[in-house]
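What follows is the residue order along each chain.
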Amino acid sequence: SQQGEEDPQALSIQEGENATMNCSYKTSINNLQWYRQNSGRGLVHLILIRSNEREKHSGRLRVTLDTSKKSSSLLITASRAADTASYFCATQGSARQLTFGSGTQLTVLP
Amino acid sequence: GAVVSQHPSWVICKSGTSVKIECRSLDFQATTMFWYRQFPKQSLMLMATSNEGSKATYEQGVEKDKFLINHASLTLSTLTVTSAHPEDSSFYICSATRGQITKETQYFGPGTRLLVL
Numbered sequence: 004s005q006q007g008e009e010d011p012q013a014l015s016i017q018e019g020e021n022a023t024m025n026c027s028y029k030t031s032i033n034n035l036q037w038y039r040q041n042s043g044r045g046l047v048h049l050i051l052i053r054s055n056e057r058e059k060h061s062g063r064l065r066v067t068l069d070t071s072k073k074s075s076s077l078l079i080t081a082s083r084a085a086d087t088a089s090y091f092c093a094t095q096g097s098a099r100q101l102t103f104g105s106g107t108q109l110t111v112l113p
Numbered sequence: 004g005a006v007v008s009q010h011p012s013w014v015i016c017k018s019g020t021s022v023k024i025e026c027r028s029l030d031f032q033a034t035t036m037f038w039y040r041q042f043p044k045q046s047l048m049l050m051a052t053s054n055e056g057s058k059a060t061y062e063q064g065v066e067k068d069k070f071l072i073n074h075a076s077l078t079l080s081t082l083t084v085t086s087a088h089p090e091d092s093s094f095y096i097c098s099a100t101r102g103q104i105t106k107e108t109q110y111f112g113p114g115t116r117l118l119v120l
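So the sequences go chain by chain: A and B.
So the number in the numbering used here is just where the residue sits in the first sequence, counting from 1, plus 3.
So the number in the numbering used here is just where the residue sits in the second sequence, counting from 1, plus 3.
Rather than coming from a laboratory, the hints here were simulated on the basis of the structure.
All values derive from a computational prediction rather than experimental measurement.
All residues carry an ideal CB built from backbone N, CA and C; glycine is no exception.
Among the hints, erroneous ones may be present.
Lysine to aspartate or glutamate pairs mimicking EDC-like chemistry, simulated, CA-CA at most 16 Å apart [unchecked claim]:
#	chain 1	residue 1	chain 2	residue 2
1	B	LYS44	A	ASP69
2	A	LYS72	A	GLU18
3	B	LYS17	B	ASP91
4	B	LYS44	A	ASP10
5	A	LYS73	A	GLU58
6	A	LYS29	A	ASP69
One-sided excerpt, in silico: chain A residues whose CB lies under 7 Å from chain B [to be verified]:
#	residue
7	ASN34
8	GLY45
9	LEU46
10	ASN55
11	LYS59
12	SER61
13	PHE103
14	GLY106
Work out the full structure, taking the sequences as your base and the hints as a guide.
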């Protein structure tokens with residue numbers, strides 16, 4: 004079953020603006036991961052944040068994790084048209100299985 | 004490194020036929036492979052977990068007799084959609100993990116788009 008929800012479902016911004024996506028989940032986790040999927044393509048792993056971490060950065064990406072609220076956010080700064088894609092959060096518990104959120108479709112307008 | 008390939012990338016078949024999809028880890032040995040299904044504009048749903056040399060573990064609601072999974076080697080897992088019907092049309096994605104230490108990371112294949120007429 005699907006672990007959680009992401010919001011917004013769709014986000015449209017201008018190039019150069021920041022994009023923030025949120026993810027909520029329901030059970031305890033070992034880590035939370037964010038993936039990007041271009042239309043009709045496979046998934047690209049962006050960043051992993053462990054349950055004992057609160058914030059992590061990778062280039063223009065910033066991820067936060069609040070285990071008390073069971074939520075995470077992904078911030079993309081200075082967005083580019085090439086960032087247009089669907090973004091999914093995925094949680095991983097003690098097993099290896101990933102449970103994906105519902106996804107956010109990001110459109111960056113040039 | 005850690006490249007996963009899928010073959011074919013897309014397939015169109017008639018209702019009632021069986022379709023086999025291959026998932027290969029090209030430069031590592033995959034101890035575990037996962038099969039996901041994704042319907043248009045929806046998220047990925049895990050179908051089954053496949054360990055080399057043992058039977059696959061299917062998620063609730065996934066028919067094991069319809070979606071046959073074989074993980075015969077550490078670099079190859081196959082998913083066979085038996086007697087495919089139009090409702091099986093979907094995007095099928097596999098992923099693989101390597102070793103015990105790096106079990107957090109799944110490497111995803113590019114996906115296989117199946118259209119059943």
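Now for the hints, and whether the structure bears them out:
1. B:LYS44 with A:ASP69: This hinted pair is violated, its Cα atoms lying about 27 Å apart.
2. A:LYS72 with A:GLU18: Status violated; Cα separation ~31 Å.
3. B:LYS17 with B:ASP91: At roughly 11 Å apart (the allowed maximum being 16 Å), ASP91 (chain B) and LYS17 (chain B) satisfy the hint.
4. B:LYS44 with A:ASP10: 14 Å, holds
5. A:LYS73 with A:GLU58: 14 Å, holds
6. A:LYS29 with A:ASP69: 12 Å, holds
7. ASN34: Given a least distance of 6 Å, the restraint on ASN34 (chain A) holds.
8. GLY45: It holds, given that the least Cβ distance between GLY45 (chain A) and chain B is near 4 Å, below 7 Å.
9. LEU46: The hint holds - LEU46 (chain A) has a Cβ within 7 Å of chain B, the shortest such distance being about 4 Å.
10. ASN55: 13 Å, violated
11. LYS59: 14 Å, violated
12. SER61: 14 Å, violated
13. PHE103: 5 Å, holds
14. GLY106: 5 Å, holds
Comparing the model with each earlier hint shows violations of hints 1, 2, 10, 11 and 12; every other hint is respected.
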